[in-house]
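Novice: Spelled out from the first residue to the last, the chains are:
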Amino acid sequence: MPDFFTRLDSVVSQTGFLNLVWEQPVMWVVGVVFIYLGIKKNVEPLLLVPIGFTAVLVNLPLAPLVTDELGQVVDTIAGQRSDPGLLWYFYHYGFEKGEIVPSLIFLGLGAMTDFGPLLSNPKTLLLGAAAQLGVYVAMFGALLMGFTPREAASIGIIGVADGPTTIYTTVQLAPHLLGATALAAYSYMALVPIVQPPVIRALTTEKERGRVMKQTRKVTKAERSVFPVAVAMAVILLVPPAAPLIGLLMLGNLFRESGVVERLSDAAQNSLMNIVTIFLGLGVGATMDGTKFLQPRVLGIYLLGLVAFVVSTGGGVLFAKLFNIFLKEKINPVIGAAGVSAVPMAARVAHVVGQQANRRSYLLMHAMGPNVAGVIGTIIAAGLFIAMLK
Amino acid sequence: MAQIVAPMVGKVIEILVKVGDEVEENQEVVMLEAMKMEMPVVAEAAGKVTEIKATEGQSVEADDVLVVIE
Chain U
0 MPDFFTRLDS VVSQTGFLNL VWEQPVMWVV GVVFIYLGIK KNVEPLLLVP IGFTAVLVNL
60 PLAPLVTDEL GQVVDTIAGQ RSDPGLLWYF YHYGFEKGEI VPSLIFLGLG AMTDFGPLLS
120 NPKTLLLGAA AQLGVYVAMF GALLMGFTPR EAASIGIIGV ADGPTTIYTT VQLAPHLLGA
180 TALAAYSYMA LVPIVQPPVI RALTTEKERG RVMKQTRKVT KAERSVFPVA VAMAVILLVP
240 PAAPLIGLLM LGNLFRESGV VERLSDAAQN SLMNIVTIFL GLGVGATMDG TKFLQPRVLG
300 IYLLGLVAFV VSTGGGVLFA KLFNIFLKEK INPVIGAAGV SAVPMAARVA HVVGQQANRR
360 SYLLMHAMGP NVAGVIGTII AAGLFIAMLK
Chain C
0 MAQIVAPMVG KVIEILVKVG DEVEENQEVV MLEAMKMEMP VVAEAAGKVT EIKATEGQSV
60 EADDVLVVIE
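First to last, the protein sequences are chains U and C. Using numbering that gives the first Met the number 0, the first residue of the first sequence is number 0, and each one after it goes up by one. Using numbering that gives the first Met the number 0, the first residue of the second sequence is number 0, and each one after it goes up by one.
No lab work stands behind these hints: they were computed from the structure. We put the CB at the ideal spot given by N, CA and C, even for glycine. There's no promise every hint is true.
Here are the simulated SDA-like cross-link-like pairs (lysine to any residue), alpha carbons at most 20 Å apart as the crow flies [said to hold, decoys possible]:
| id | chain 1 | residue 1 | chain 2 | residue 2 |
| --- | --- | --- | --- | --- |
| 1 | C | Lys17 | C | Val48 |
| 2 | C | Lys17 | C | Val41 |
| 3 | C | Lys35 | U | Met111 |
| 4 | U | Lys217 | C | Lys17 |
Computed list of chain U residues with no C-beta within reach of chain C, every gap over 10 Å [what the hints assert, rightly or not]:
| id | residue |
| --- | --- |
| 5 | Gly15 |
| 6 | Val31 |
| 7 | Pro174 |
| 8 | His175 |
| 9 | Asp265 |
| 10 | Gln268 |
| 11 | Arg358 |
This is chain C alone, in the form it adopts within the complex (with noise of 0.2 Å):
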């Protein structure tokens, strides 16, 4: 299992993935608003979405889990 955080203070703009979803290594799972700069975050590893964490809108701090990969 492992947690994909956010890397740094920001907002959740939107969550590129779904609960079931398969995932590669360095897919775009959440574009990360921070500074007015749109940020990807990808994930880690390869794996299946588990968990969904964020809330589109929602403002994170950094290392916040945002999506649960199995």
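Next comes chain U alone, as it looks inside the complex (with noise of 0.2 Å):
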């Protein structure tokens, strides 16, 4: 008889609640308020709803899906070591060692993405550039905060709005700080038609915003098939560690423009993206320990995530203005925004600014131009800070 009360004993201590520490409520209730947000404000709910359920997940005590950073979940009763959790699986294969996850965004990404608007306006390839402006400001503001280098490299990433190369960065750079630096750049991506339009009208003019744009010249079916093969090698060549995610973002984008693979690219855009967001929603969801992820530098991440945003916004912008004055033919500048790699919000957001000062200007394919630029300056961007960092 005494043994039984001893096992139950061990059985009452093993509960989680005998076991919960203040960090994991508080989880809770930001991984509730997470799938509320997606639920019923709609916002970003592919990615709110698993990361937010994940993370409710992960702060329920003892359950065998949280580890240390030595991939084991720690027994904190026995002190002893077991097996790493299924969660662990996810992250360590999906994110950490092979860069699967956010790699095979990129092919569904390629995949989805049309060029062809840059592609018959080079010119806003600049444009994409000048909006990694706010990568380097908070990549600075990082380091004057008390960020290691490589933190602040993977902060500075958020500014232009671009998880998977967010994700992709602080796992290479910073991997402590993924649940952090994803969500804030996922939550900008969200943010992307509340943050921009006031940073654009503060620096345009009505009359600059209402400047209708020529229809662009049409791209042929051999431009599009060379332009993914050519830019994957030129990019490669210049910054190697950027080849998984510009690798499989142009093998993505030469599936959709050779017009032979149909049901690859029809694959890696929606049943492949759609597996491998169910993926990333829990890789992320695990990081989100409450013990490691409530602390002041998570807010200050947030922060300086905001000013990078701002940054390219306004960079890209004033960037435009600039440019404008050696072009003969005038370019809107409000497309300058959408150099942010949010594809496609940020372009559609410039659509919607531009129409509302003059109803018969549409921006949308103009703005693709420097959006998908964007995406591809945002890669070069990470590249470089690893080939530096790492």
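Join these two chains into a complex; the hints should help.
Specialist: Take a look at the structure:
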């Protein structure tokens, strides 16, 4: 009989309730807020629903899901280590070891992205480069706030609101910040329509915003097929660490533009993308252990991300205005803001801001030029950081 | 006579006027969808609709004529 009570006692002491630390209930609230925002407010539901739920799961004490840095679950009662939990495998193989998840997301993005607007108006490549300004501003800000160079670089990438590249860079340089930087990047992706318009309006006149841009020239099928191969080779020769991202982005684009592998293009954009999105939710959610996530630094990361995002938007707009001084056929400076790499959200925002100033201005396709250039620009920036700091 | 053309490639999802309608400047005449975004195409000048060239569900290229007004 005493044996029974000892066992009962050990069962009781091994329930989650007796092993809670304060950060965990706080993270339940955070997780539930994510789920709520996803379901009720339709804020990035594909990400917030799985991330929110996983964030709740990993903050339930003693569940064999969470792990320490060694990849082992720490059993706090017995002080023993056991095997890594389920979610650890998603994180480890999806992000840490093979970068499979962010790379496959880029494969899907490549298959979804029409680089035609960039090809028909290659000048817009420069706008995509100008909008990377915020990346460097946030990086220096982070250095001043006491983050290490590797952490600062990961935080900087948030500034162009590029989720998968932020994840890729953070995993390479500062994996302990993954939960925070990934969430900040995806938050700003969701906030593009809220953050960008006031910045654009502050820097332009109504007349500038209402400028109608002429139709751009048609792009041939040959150009479209040569483009992904040429860009992948050029970027990888220049910045080898960018290879996984640019390589798969451009492979996906070749699927799309070649016109002969419709099935692969469809799989990359839809079924595979959906699968990888689930893995992304599980992997990022797995890093949201309250004891590591709830630190004042996380707030700093959010703030720096916002500053970077505002600077990138402004940088793109101001560069477009500067560019206009030298151009015979002026561009609408609003499309400069689309140089951040939230595709196609930033281009849509530019279109809407343009239409508010002039109903006969249709900027969507013009804004897609800098927008897709921004994606390439961010991959190059990330590759440079990894080359310099890793 | 003025032609209202598609500002970019896309799909016509709704035609908002009928032949014989009087339209005002900047009135929405066709709803176009491009990149999962709906956008109204507006009349550049006031007039009377004489011909509708686009059909709902049709994919259009940039500069294709959608509606003719007089």
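Novice: Hint by hint, note whether the structure agrees.
Specialist: To see whether the hints hold, each was checked on the structure:
no.: 1; hint: C:Lys17 - C:Val48; result: holds (7 Å)
no.: 2; hint: C:Lys17 - C:Val41; result: holds (14 Å)
no.: 3; hint: C:Lys35 - U:Met111; result: holds (12 Å)
no.: 4; hint: U:Lys217 - C:Lys17; result: violated (31 Å)
no.: 5; hint: Gly15; result: holds (43 Å)
no.: 6; hint: Val31; result: holds (29 Å)
no.: 7; hint: Pro174; result: holds (34 Å)
no.: 8; hint: His175; result: holds (36 Å)
no.: 9; hint: Asp265; result: holds (16 Å)
no.: 10; hint: Gln268; result: holds (12 Å)
no.: 11; hint: Arg358; result: violated (5 Å)
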